[in-house]
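Protein chains in written order, with the working numbering: chain A, 31 to 140; chain B, 592 to 706.
Bear in mind the hints are in silico, worked out from the structure with no lab data behind them.
Cross-link-like lysine-lysine pairs, in silico, DSS-like; alpha carbons within 27 angstroms at most:
1) B:LYS648 with A:LYS72
2) A:LYS88 with A:LYS101
3) B:LYS604 with A:LYS72
If you're wondering where the values come from, they're calculated on a predicted model, not measured in any experiment.
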Amino acid sequence: GENVEQHPSTLSVQEGDSAVIKCTYSDSASNYFPWYKQELGKRPQLIIDIRSNVGEKKDQRIAVTLNKTAKHFSLHITETQPEDSAVYFCAANRWGDMRFGAGTRLTVKP
Amino acid sequence: KAGVTQTPRYLIKTRGQQVTLSCSPISGHRSVSWYQQTPGQGLQFLFEYFSETQRNKGNFPGRFSGRQFSNSRSEMNVSTLELGDSALYLCASSSIQGAPDTEAFFGQGTRLTVV
Chain A
31 GENVEQHPST
41 LSVQEGDSAV
51 IKCTYSDSAS
61 NYFPWYKQEL
71 GKRPQLIIDI
81 RSNVGEKKDQ
91 RIAVTLNKTA
101 KHFSLHITET
111 QPEDSAVYFC
121 AANRWGDMRF
131 GAGTRLTVKP
Chain B
592 KAGVTQTPRY
602 LIKTRGQQVT
612 LSCSPISGHR
622 SVSWYQQTPG
632 QGLQFLFEYF
642 SETQRNKGNF
652 PGRFSGRQFS
662 NSRSEMNVST
672 LELGDSALYL
682 CASSSIQGAP
692 DTEAFFGQGT
702 RLTVV
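Please take these sequences and the hints and turn them into a complete structure.
This is the structure in C-alpha cells:
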C-alpha cells in the first residue's frame, strides 16, 4: 500500500519567517495530495490541495508544489503568524485510499 | 449545511468487549473513511466505504470492521477490544460524484478508552 513520509516532525520559526514541510509518497498511482491543519483538540481541516496534473498551487500565504517524477510534494507557508501554530498533515490519495504522513508540529514564536 | 457527525463523542470500554461507532456524513456525500489517531502514530487509515461497498482497506486486523448504509451513514465496529485500541477515531466524508480527488471533511471524532 501507499506509504507517506513527512519531515520534519517538529518545526519552530519566528513570526514572519517561512516554513517548509516536505512529504514523499511511494505509490505512483496516487493522484490527489491534500494538506490538513489540526489545531489542538480540533478536527483536521483542509488548507490546500493539489492534483497530479498540476505542479504548483498557491492560496495567499500558502503554496504547495508537487514533483511527480520524484514522488514528493511540499507545503510552503510564508509570513508565518502565531495562529499558524498547529499540526500539519500531508496525504496521498489513490481512488479513495488516503494515507497520511505522521504530521509536523509547527510552532510560530511571536 | 450540517457537517460530519460522529457519535458518541466519548466511550470507555473494558478489554475484551466490543464497540460500535457511528458516523453521519455531509448530506449527499457517498464516501466515508475511518481513521485511527494516536499521538505516536498519527492518522492511520482503517477503511473507506463508497455506496455501501468497502472500496479500500488499511492494514488493521479483522477485529476492525465497518459498514455503510443506503443513506451513507457508516458504522465501525471493533471486537475483542485491546488496551492498544485506545485512540481517537475520526471519520471523514467526501465525494458527491464519486471522484476520489475531492476534499474530505472530518467529524470531531470518538475518543475511545479501553481499560
